[in-house]
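Anchor point for the sequence shown: position 104 equals 104 in this note's numbering, and the numbering is continuous, going up by one each time.
FYI, nobody ran anything at the bench for these hints, they're computed from the structure.
Just so we're clear, the structure is a prediction, and the values are computed from it rather than from any experiment.
Please note: incorrect hints may appear among the correct ones.
Dumping the calculated SDA-like pairs for lysine to any residue here, alpha-carbon to alpha-carbon at most 20 Å [what the hints assert, rightly or not]:
id	residue 1	residue 2
1	Lys109	Phe98
2	Lys179	Gly163
3	Lys180	Val288
4	Lys5	Phe385
5	Lys407	Gly188
6	Lys247	Thr272
7	Lys218	Ile395
8	Lys289	Arg158
9	Lys179	Thr312
10	Lys332	Val288
11	Lys92	Pro115
12	Lys89	Ala155
13	Lys5	Arg103
14	Lys298	Ala155
15	Lys218	Lys298
16	Lys407	Asp335
17	Lys162	Glu309
18	Lys150	Val288
With beta-carbon atoms standing in for the labels, derived distance ranges [unchecked claim]:
id	residue 1	residue 2	range
19	Arg158	Lys234	39 to 47 Å
20	Glu308	Arg373	29 to 37 Å
21	Arg382	Pro121	13 to 21 Å
Yeah, the Cβ is synthetic: ideal placement off N, Cα and C, and Gly gets one too.
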Amino acid sequence: MMERKSIGIVGAGASGLTCAKHMLEEGWDVTLYEIGSHVGGMWVYNNDNNRSSAYRTLHINTARDLTSFSDYPFDPSVQPFPSHWDMAKYLKDYGEHFGITQRVRFNTKIVDLRPAPSYSPEKPRWQLTSEAGEIFEHDTVVVASGHLTKPLEVAMFRDGFKGEYLHSHDYKEPAPFVKKRVCVVGVGNSALDIASDLAVGAERTVLIARSSALIIPKLAFGRPFWDTIQPFYKPWIPAAVRNRVLKALVYIIQGDMKRLGFPETSKRVHATSNANIVNHIHYRRVVVKQGIERIEGKTLHFVDGTAEEFDTLIAATGYEIDLDFVPPEILKIKDNGLDLYMRLVPPEWRGLYFLAFFNSDTALNWICEGQTRWIREHEAGRAAFPSKADMLAEIDQRKSWVRTNFKDTPRHAIEVEHLPYFADLRRTM
Numbered sequence: 001m002m003e004r005k006s007i008g009i010v011g012a013g014a015s016g017l018t019c020a021k022h023m024l025e026e027g028w029d030v031t032l033y034e035i036g037s038h039v040g041g042m043w044v045y046n047n048d049n050n051r052s053s054a055y056r057t058l059h060i061n062t063a064r065d066l067t068s069f070s071d072y073p074f075d076p077s078v079q080p081f082p083s084h085w086d087m088a089k090y091l092k093d094y095g096e097h098f099g100i101t102q103r104v105r106f107n108t109k110i111v112d113l114r115p116a117p118s119y120s121p122e123k124p125r126w127q128l129t130s131e132a133g134e135i136f137e138h139d140t141v142v143v144a145s146g147h148l149t150k151p152l153e154v155a156m157f158r159d160g161f162k163g164e165y166l167h168s169h170d171y172k173e174p175a176p177f178v179k180k181r182v183c184v185v186g187v188g189n190s191a192l193d194i195a196s197d198l199a200v201g202a203e204r205t206v207l208i209a210r211s212s213a214l215i216i217p218k219l220a221f222g223r224p225f226w227d228t229i230q231p232f233y234k235p236w237i238p239a240a241v242r243n244r245v246l247k248a249l250v251y252i253i254q255g256d257m258k259r260l261g262f263p264e265t266s267k268r269v270h271a272t273s274n275a276n277i278v279n280h281i282h283y284r285r286v287v288v289k290q291g292i293e294r295i296e297g298k299t300l301h302f303v304d305g306t307a308e309e310f311d312t313l314i315a316a317t318g319y320e321i322d323l324d325f326v327p328p329e330i331l332k333i334k335d336n337g338l339d340l341y342m343r344l345v346p347p348e349w350r351g352l353y354f355l356a357f358f359n360s361d362t363a364l365n366w367i368c369e370g371q372t373r374w375i376r377e378h379e380a381g382r383a384a385f386p387s388k389a390d391m392l393a394e395i396d397q398r399k400s401w402v403r404t405n406f407k408d409t410p411r412h413a414i415e416v417e418h419l420p421y422f423a424d425l426r427r428t429m
């Protein structure tokens with residue numbers, strides 16, 4: 001009789017939960033290791049794992065029905081763009097519905113991952129060590145600890161500004177900044193949300209846009225924007241056509257990004273989504289500047305030659321991938337990227353996967369399900385890995401695609417486009 005496969009999953013956020021659900025369906029023995037006392041990861045506001053960057057006004061960027069897992073829809077009463085409270089409840093209910101929560105070891109911080117002494121490529125075996133010194137062994141380990149947990153600090157802002165400084169990871173609500181002069185650095189989703197939060201109550205809000213932006217509205221023609229554009233996300237529609245339609249629709253609704261103050265770029269940028277920032281810019285509640293040249297005390301000198309004094313600088317400068325429990329001989333972080341075959345597998349190792357380490361043009365949950373099915377097929381022996389040379393070639397091809405299409409920034413290092421990525425997942429399993 002075949003032994004029951006043992007699966008260890010590091011992290012009980014959205015990706016870890018859906019991975020556990022699919023592994024349990026295969027009849028395997030699954031244990032999740034969660035550093036805090038809740039499932040739900042980044043969606044748990046003030047999570048005691050200290051890894052969540054959720055702020056009070058946070059809502060998902062993709063619409064409700066696009067964000068739900070395929071086998072567990074949201075309750076129809078949930079708003080079209082669920083809040084972090086809605087998301088946390090949804091994931092808690094998901095875990096309980098599929099019998100996952102009972103398999104979570106809460107308050108267990110994993111500090112080391114390494115092959116067990118008996119490891120072989122033909123019969124992998126892995127060891128996880130907790131902060132308390134406990135050692136757990138599994139046939140397969142899936143790292144689902146997330147990549148939006150360790151703030152990427154810029155020394156110029158953190159050390160140079162002599163007023164109040166914080167990274168967006170530590171921002172929670174606008175109340176402490178009422179009647180203050182605040183500068184927000186960045187053009188990602190958090191930066192736009194925070195600037196929108198501050199726009200009404202702060203004395204002045206300046207947004208620093210060092211790169212271009214494509215700000216997708218929440219609604220188009222009275223429907224969630226992604227529901228409106230979804231018919232163009234078909235495999236037989238060329239990506240160039242789809243991108244032109246998307247940009248044209250954004251232009252019709254939002255106007256020219258350059259006229260709003262954002263710099264131009266010859267390459268694609270990771271799209272952001274915000275319901276209010278464009279109006280705030282038009283009303284001059286938020287002013288866009290294209291960069292900071294230098295800092296003197298609390299005074300910021302901008303690249304346009306102007307200078308202003310601020311009380312607070314909020315750096316929405318992104319995140320570093322943090323895998324401090326993974327030794328570099330297993331997987332190195334290079335320029336905030338990971339050399340993973342299919343964005344999942346270190347070519348040198350078997351029985352080890354890194355789930356949801358990507359940025360995408362659609363809902364994370366949807367892609368995580370696809371990745372989990374891929375892992376399941378390979379672990380069940382119904383799909384085979386190619387040679388190491390072929391895996392390395394695939395990694396190089398994906399890097400080349402990123403370099404060709406996107407600006408060279410840490411944010412874009414793990415970019416994927418979901419339609420071709422799903423096709424690659426199907427082709428390789």
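Now for the hints, and whether the structure bears them out:
1. Lys109 to Phe98: Measuring from Cα to Cα gives roughly 24 Å; hence the hint is violated.
2. Lys179 to Gly163: holds, 15 Å
3. Lys180 to Val288: holds, 17 Å
4. Lys5 to Phe385: Satisfied, since the Cα-Cα distance of roughly 19 Å is no more than 20 Å.
5. Lys407 to Gly188: Measuring from Cα to Cα gives roughly 14 Å; hence the hint holds.
6. Lys247 to Thr272: holds, 12 Å
7. Lys218 to Ile395: Between lysine 218 and isoleucine 395 the Cα gap is close to 34 Å, so the pair fails against 20 Å, i.e. violated.
8. Lys289 to Arg158: The given pair, whose Cα atoms are some 19 Å apart, holds under the 20 Å limit.
9. Lys179 to Thr312: holds, 11 Å
10. Lys332 to Val288: violated, 37 Å
11. Lys92 to Pro115: Violated: lysine 92 and proline 115 sit about 32 Å apart, past 20 Å.
12. Lys89 to Ala155: Violated - the C-alpha atoms of alanine 155 and lysine 89 are around 37 Å apart, more than 20 Å.
13. Lys5 to Arg103: holds, 15 Å
14. Lys298 to Ala155: It holds: about 15 Å lies between the C-alpha atoms, which stays within 20 Å.
15. Lys218 to Lys298: Cα-Cα ~35 Å, so violated.
16. Lys407 to Asp335: holds, 13 Å
17. Lys162 to Glu309: Holds - the C-alpha atoms of glutamate 309 and lysine 162 are around 11 Å apart, at most 20 Å.
18. Lys150 to Val288: violated, 26 Å
19. Arg158 to Lys234: 39 to 47 Å: holds, 45 Å
20. Glu308 to Arg373: 29 to 37 Å: Once the Cβ atoms are compared, 52 Å apart, the range 29 to 37 Å for arginine 373 and glutamate 308 is violated.
21. Arg382 to Pro121: 13 to 21 Å: Between arginine 382 and proline 121, where Cβ atoms are some 18 Å apart, the hint holds.
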